[in-house]
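J.: Using the sequences plus the hints, can you model the full thing?
There are 2 protein chains.
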Amino acid sequence: MDISSLAPGVQHFLGQAAYCELGEFESLARAVATAPNLAVKEGLSAAAGRALSKHHGLITEIRRRGHEPATEMAPFVAGLDEFRQKTSGANWHELLLSCYLAGGLLDDFFIRLSDGLPRDIGPRVAQLLGEDSGTDVLVHELQTAIENDVALGSRLAMWGRRLVGDTLLVARSAMPAADPGTDRGDGAEARIEPVFTELIAAHTRRMDGLGLTA
Amino acid sequence: MDISSLAPGVQHFLGQAAYCELGEFESLARAVATAPNLAVKEGLSAAAGRALSKHHGLITEIRRRGHEPATEMAPFVAGLDEFRQKTSGANWHELLLSCYLAGGLLDDFFIRLSDGLPRDIGPRVAQLLGEDSGTDVLVHELQTAIENDVALGSRLAMWGRRLVGDTLLVARSAMPAADPGTDRGDGAEARIEPVFTELIAAHTRRMDGLGLTA
Numbered sequence: 001m002d003i004s005s006l007a008p009g010v011q012h013f014l015g016q017a018a019y020c021e022l023g024e025f026e027s028l029a030r031a032v033a034t035a036p037n038l039a040v041k042e043g044l045s046a047a048a049g050r051a052l053s054k055h056h057g058l059i060t061e062i063r064r065r066g067h068e069p070a071t072e073m074a075p076f077v078a079g080l081d082e083f084r085q086k087t088s089g090a091n092w093h094e095l096l097l098s099c100y101l102a103g104g105l106l107d108d109f110f111i112r113l114s115d116g117l118p119r120d121i122g123p124r125v126a127q128l129l130g131e132d133s134g135t136d137v138l139v140h141e142l143q144t145a146i147e148n149d150v151a152l153g154s155r156l157a158m159w160g161r162r163l164v165g166d167t168l169l170v171a172r173s174a175m176p177a178a179d180p181g182t183d184r185g186d187g188a189e190a191r192i193e194p195v196f197t198e199l200i201a202a203h204t205r206r207m208d209g210l211g212l213t214a
Numbered sequence: 215m216d217i218s219s220l221a222p223g224v225q226h227f228l229g230q231a232a233y234c235e236l237g238e239f240e241s242l243a244r245a246v247a248t249a250p251n252l253a254v255k256e257g258l259s260a261a262a263g264r265a266l267s268k269h270h271g272l273i274t275e276i277r278r279r280g281h282e283p284a285t286e287m288a289p290f291v292a293g294l295d296e297f298r299q300k301t302s303g304a305n306w307h308e309l310l311l312s313c314y315l316a317g318g319l320l321d322d323f324f325i326r327l328s329d330g331l332p333r334d335i336g337p338r339v340a341q342l343l344g345e346d347s348g349t350d351v352l353v354h355e356l357q358t359a360i361e362n363d364v365a366l367g368s369r370l371a372m373w374g375r376r377l378v379g380d381t382l383l384v385a386r387s388a389m390p391a392a393d394p395g396t397d398r399g400d401g402a403e404a405r406i407e408p409v410f411t412e413l414i415a416a417h418t419r420r421m422d423g424l425g426l427t428a
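Residue numbers (the working numbering), protein chains in the order written: chain A, 1 to 214; chain B, 215 to 428.
It should be emphasised that the hints constitute simulated quantities derived from the structure, not laboratory data. Treat each hint with caution, since some may be false.
Computed footprint of chain B on chain A, listed as stretches where at least three residues anywhere in the stretch have a Cβ under 8 Å from a Cβ of chain B [as the list claims (entries may be wrong)]:
1. 23-30
2. 55-63
3. 105-111
4. 162-174
Label pairs and their in silico Cβ distance ranges [claimed, not checked]:
5. 92/A <-> 280/B: 26 to 32 Å
6. 333/B <-> 165/A: 56 to 62 Å
7. 12/A <-> 345/B: 55 to 61 Å
8. 423/B <-> 60/A: 44 to 50 Å
9. 357/B <-> 162/A: 42 to 48 Å
10. 131/A <-> 335/B: 26 to 32 Å
Here are a few chain B residues that face chain A, going by a calculated C-beta distance under 8 Å [said to hold, decoys possible]:
11. 225
12. 239
13. 243
14. 246
15. 247
16. 260
17. 263
18. 269
19. 270
20. 284
21. 288
22. 409
23. 412
24. 413
All figures in this text were calculated on a predicted structure; none of them were measured in a lab. Just so you know, even glycine gets a beta-carbon here, dropped at the ideal spot from N, CA and C.
T.: This is the structure we're talking about:
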């Protein structure tokens, strides 16, 4: 059982994944700007650079195929901007948690989905998205804050649970063929379910690693 | 006549230049977040990536010498944050102009100053800072806006004239030996003046290129 048969066309995939990484970059850049100290700012700037470099890698693939990045990303702007806005958090720690959890889940998801892309691009994209995200600094900051503040920990646990729902909706929108109204929609649920279960399990491990209950 | 004899110690230079590039990155990242369309956002994200990569190149040099980036940058935070805040502009076009003019002037300046660094590092730093900044997109956006809006053009011309003063003060603060109270301060003015004249000439060319009167 896998979702590769539900992968969208290459253009759709690249445009959506590229705009996703740009959004991740923007969120991390905001976290850089509001970081409480220089060491953390420095670490976050490296993570922002990683997201940006994934974004530019995808842009390069779009150009290589003779298309305009802005045109390819355009269909995903409204939905992803709304997602980004809803998940931007009420404070710096919530923003950090969003970057870590949503960024991680979407990278995992797009890597799985890339199995369904043509062989001249799928593996290259999977490798690009699988590169280290430099998020150790986010984990360390969140762990420390959660250890030192029980109330913050429970607010972040709630925030993490809310994030996963919104993030899975983005993942779902990346599989237009899974729409029940389409030809391939039949049986799509059965193929999607185990993959989503796996994505949620990885999400839960991230939450556990921070000391949060998923 | 040159300013190489006024170059600060390597640590001072690297810390200040690194934090300068981080600030340039943060300003460009803000411009990305508020870009009016996707093509511009995309172009600006590349420019932000260039500033970030210069920053990380300098950080690598700091680490290579066995020092902590955060410690080395710390002395420059207050001054440069104030500079960044004063030059952030009242709107997107002013922010863009700041990124282009201040970023360009400071890169030019630090390249000149790097002549005074030891030979195992000066040329490498000069090469790093001299890399393409990806600012074509800023120039294009500003040119177009200025051509289409005379009033905006005169406000930006004023903003550009104000920027140069603040930016030259940052450059000056990078040469502690030029302080009249120090040993090497004698005759420093005579060495600094031609270099500043040159920096201002390059600034004026950038203004001209945009259609602004310096």
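J.: Would the hint on residue 246/B stand, with a C-beta cut-off of 8 Å toward chain A?
T.: holds (6 Å)
J.: With a cut-off of 8 Å, does the beta carbon of residue 269/B approach a beta carbon of chain A closely enough for the hint to hold?
T.: Holds - the Cβ of residue 269/B comes within 8 Å of chain A, reaching about 7 Å at its closest.
J.: Is the interface hint satisfied for residue 239/B? The criterion is a beta-carbon contact with chain A at less than 8 Å.
T.: holds (7 Å)
J.: Under 8 Å is the threshold here; is the Cβ of residue 225/B close enough to any Cβ of chain A for the hint to stand?
T.: Violated, about 15 Å.
J.: I want to verify a distance hint. Is the separation of the beta carbons of residue 333/B and residue 165/A within 56 to 62 Å?
T.: holds (58 Å)
J.: Are there three or more residues in the stretch 162-174 of chain A whose C-beta lies closer than 8 Å to some C-beta of chain B?
T.: Violated, because only 0 residues of the stretch 162-174 of chain A bring their Cβ atoms closer than 8 Å to Cβ atoms of chain B.
J.: Hint validation: residue 243/B versus chain A, beta carbon distance must be below 8 Å. Holds or violated?
T.: holds (4 Å)
J.: Does the stretch 105-111 of chain A contain three or more residues whose Cβ lies closer than 8 Å to a Cβ of chain B?
T.: violated (count 0)
J.: Given the hint of 55 to 61 Å, check if residue 12/A and residue 345/B actually sit that far apart at their C-beta atoms.
T.: For residue 345/B against residue 12/A, whose Cβ atoms are near 34 Å apart, the range 55 to 61 Å is violated.
J.: Does 42 to 48 Å hold as the CB distance between residue 357/B and residue 162/A, or does it fail?
T.: holds (45 Å)
J.: Note whether the CB distance of residue 92/A and residue 280/B lies within 26 to 32 Å or breaks it.
T.: holds (31 Å)
J.: Do the numbers back the hint for residue 270/B, that is, is its least Cβ distance to chain A under 8 Å?
T.: holds (7 Å)
In this structure, the earlier hints numbered 3, 4, 7, 8, 11, 22, 23, 24 are contradicted, and the remaining ones agree with it.
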